Every structure is written in structure tokens, then in C-alpha cells.
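S.K.: Fit chain B to the known structure of chain A by using the hints.
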Amino acid sequence: MTDARCPATLELSLGPITAVDLALYAAASGDLNPLHLDAEVARAAGFERPIAHGMRTMACAGRLFTSRFGATALRALDTRFVGTAKLGDSLLLRATLTAAGDSTADYALSVQTSDGVSVATGSARVALTADRA
Amino acid sequence: MTAPTTHAVDAWRVKLFCHAIGETDPVFHDAAAARRAGHRACPVPPTFLKALESEHQSGAALMKLLDVPMTGVLHAEQRFEFESPVHVGDTVEISRTVAEIFDKRGGAMTFIVVDSHFRVAGQAVASARQTIVVRNSMPAAA
Chain A
1 MTDARCPATL ELSLGPITAV DLALYAAASG DLNPLHLDAE VARAAGFERP IAHGMRTMAC
61 AGRLFTSRFG ATALRALDTR FVGTAKLGDS LLLRATLTAA GDSTADYALS VQTSDGVSVA
121 TGSARVALTA DRA
Chain B
1 MTAPTTHAVD AWRVKLFCHA IGETDPVFHD AAAARRAGHR ACPVPPTFLK ALESEHQSGA
61 ALMKLLDVPM TGVLHAEQRF EFESPVHVGD TVEISRTVAE IFDKRGGAMT FIVVDSHFRV
121 AGQAVASARQ TIVVRNSMPA AA
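The listed protein sequences correspond, in order, to chains A and B.
Once you know that position 86 of the first sequence is 86 in the numbering used here, the rest is easy, because the numbers rise by one and skip nothing.
Once you know that position 25 of the second sequence is 25 in the numbering used here, the rest is easy, because the numbers rise by one and skip nothing.
Looking at chain A on its own, in the form it has when it is part of the complex (with noise of 0.2 Å):
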């Protein structure tokens, strides 16, 4: 599918998963559960590592959206978490093209840690008609 309004496909790369990631997305976030910043107690839950908020790579979802379409182009983003990750990976963040209409777009979104193990997958609406004030 081409569409010059809208690329094929949408590509991030996040560099490894740092303590202080993760430390500071739980302050932003207000998400203080540990298992995203204690190691014995993710270790306790049945994780080996501690493991990254999943809004965090939402977050990161949003702005693989945003940088290309605007600030306030997203009309809806759906994530599904179906795996971990955790401290130490990283990510690929891509977004594929599924549909384009006249003032719209829609992609599919996946994401995978370098292993290749998958941590989300979802979709997008964006505007592709001028960023909303």
C-alpha cells in the first residue's frame, strides 16, 4: 500500500532498558508497582529481571505516531501486552499501514525486544488532515 500522506511503515529503535528507565518512568507515571523496580521482587513473582512498564512502551508507541504525524494526530491506540520486557532489552517499535482514508489512517503496531521476543501488539488511527490546536 503507498500513500503519500502516509508511509508504508513507521520504525523505532530504543536502546537497552536502563534501572533509571525504569525509575523514572514509575515517578512520571505514578505506577509504583515493583515489579518494575525491584529485582527480588519481580525474582518472587517469577521473573528473572525486572520487568518495563507496558505503558511505557506505549508511551513510546504514541511517539512513533506523533513524530510523524503531529502532536495531537492520534484518534485512538490500542495496545495488547503479550509479552514482558524487561530490564536490559531492547526494542523495535514498527507500524505498518493497513488502511488510508480520506482523512485517516490506520496501522498495525508490533513490538519485539532484540531476541525477537514479542512484547506488544496493537493498532493506531491517526489524522492525517492538519494537527488540532
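Read the hints as simulated data drawn from the structure, not as lab findings.
Treat the numbers as computed from the prediction; the structure is a model and nothing was measured.
Even for Gly, the Cβ is constructed at its ideal location relative to N, Cα and C.
Hints are supplied without guarantee of correctness; some may be wrong.
Claimed, not checked - To be clear about the criterion: a stretch of chain A counts as covered by chain B if any three or more of its residues have a C-beta under 8 Å from a C-beta of chain B, and this derived list gives those stretches:
1) 21-33
2) 36-45
3) 68-74
4) 79-89
Stated by the list, open to error - Below, simulated EDC-like cross-link-like pairs (lysine to aspartate or glutamate); rule was C-alpha separation at most 20 Å, straight line:
5) B/K15 to B/E55
6) B/K104 to B/E55
7) A/K86 to A/D21
8) B/K15 to A/D21
9) A/K86 to B/E77
10) B/K15 to B/D25
M.R.: Quick look at chain B alone, frame taken from chain A:
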């Protein structure tokens, strides 16, 4: 439904959120850049609404309400629909509704679906649906 509460969108909080998610576009945290781009103030990053929602009801508070341990839950799905943008300086009214609770895999997992409603000056600006999975068969703490 939870009783609605109101929350001011604070510039510093939005700036911290941008820093935490690697958002470097000044339109989100520099009022002058936002105005140059045609916005009346800095728009918030789309998923910032979830951070604001934690002021209304934290994940920990919801889990306490449902009598579920915080470390036994995972965020399974999140959906947002955006009607109109929210900006720094807006006051957002938030309320939440538990839409559905159901078990899967013979009760090994419980899914809790919670809807959030965001309004500014009486108008709906966004809605969200969060699905939480409770791992009832979580390994016992070592």
C-alpha cells in the same frame, strides 16, 4: 463508577513524563514552541492521560479495592480514544467504571476491564479501557 475527581495538568509533570519516555519534541514541554506550532499551550503526550489517571485511582488502590496483590497482576491491554487534545493548564475530570470481570483457563487467570472517562470543561476529551490480568496461579514467593 468512581466519583469524578479533577486534576490540573501541570507543566512540570508533563516535562518529567516527556523525559521518562524519551520524548524530545519541544512542542510537548516548551510553551513558546507549542504556540509557534499553532497550539494554545503544550499538548500532552497521548498516554500521559494514564499518568493523570493514577492521581484519580492508582493501580495499587484499584488492586486493594479488588483485594488482589499488586505483584500478582499484569497489564494485559490498554486502549485510548482521543476526541480532542488535552493541554498543559487544563483541568481534567476523571472517573472510572469496572466494565467486566471474567476468568480464563479454569480460574488460573482473572481479567478485569476498567473504563476511564476524561472530560475538560464538561466535554469528553478521551476515553480509555484497561484490561488487567490477575495471575491466580502465581508462583509462591521464594
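S.K.: Work down the list of hints and note, for each, if the structure agrees.
M.R.: Now the hints, each set against the structure:
1. A stretch counts as covered by a chain when three or more of its residues have a beta carbon under 8 Å from one of that chain; for the region 21-33 of chain A and chain B the count is 10, and the coverage holds.
2. A stretch counts as covered by a chain when three or more of its residues have a beta carbon under 8 Å from one of that chain; for the region 36-45 of chain A and chain B the count is 4, and the coverage holds.
3. Three residues within the 8 Å Cβ limit are the bar, and the region 68-74 of chain A against chain B gives 3, so the coverage statement holds.
4. Closer than 8 Å: that is the beta-carbon criterion, and the region 79-89 of chain A has 4 residues meeting it against chain B, so the requirement of 3 holds.
5. With a CA separation close to 17 Å, the supplied pair B/K15 and B/E55 stays within the 20 Å bound.
6. Straight-line distance between C-alpha atoms of B/K104 and B/E55 comes to about 30 Å, which puts the hinted pair past the 20 Å bound.
7. Using a Cα cut-off of 20 Å, the hinted pair A/K86 and A/D21 holds, with the two alpha carbons roughly 11 Å apart.
8. Between B/K15 and A/D21, the direct Cα distance comes to roughly 15 Å. Compliance with the 20 Å bound is thereby established for this hinted pair.
9. Straight-line distance between C-alpha atoms of A/K86 and B/E77 comes to about 17 Å, which keeps the hinted pair within the 20 Å bound.
10. This hinted pair checks out: B/K15 and B/D25 have alpha carbons roughly 11 Å apart, not beyond 20 Å.
Going through the hint list in order, the structure does not satisfy hint 6, though it satisfies all others.
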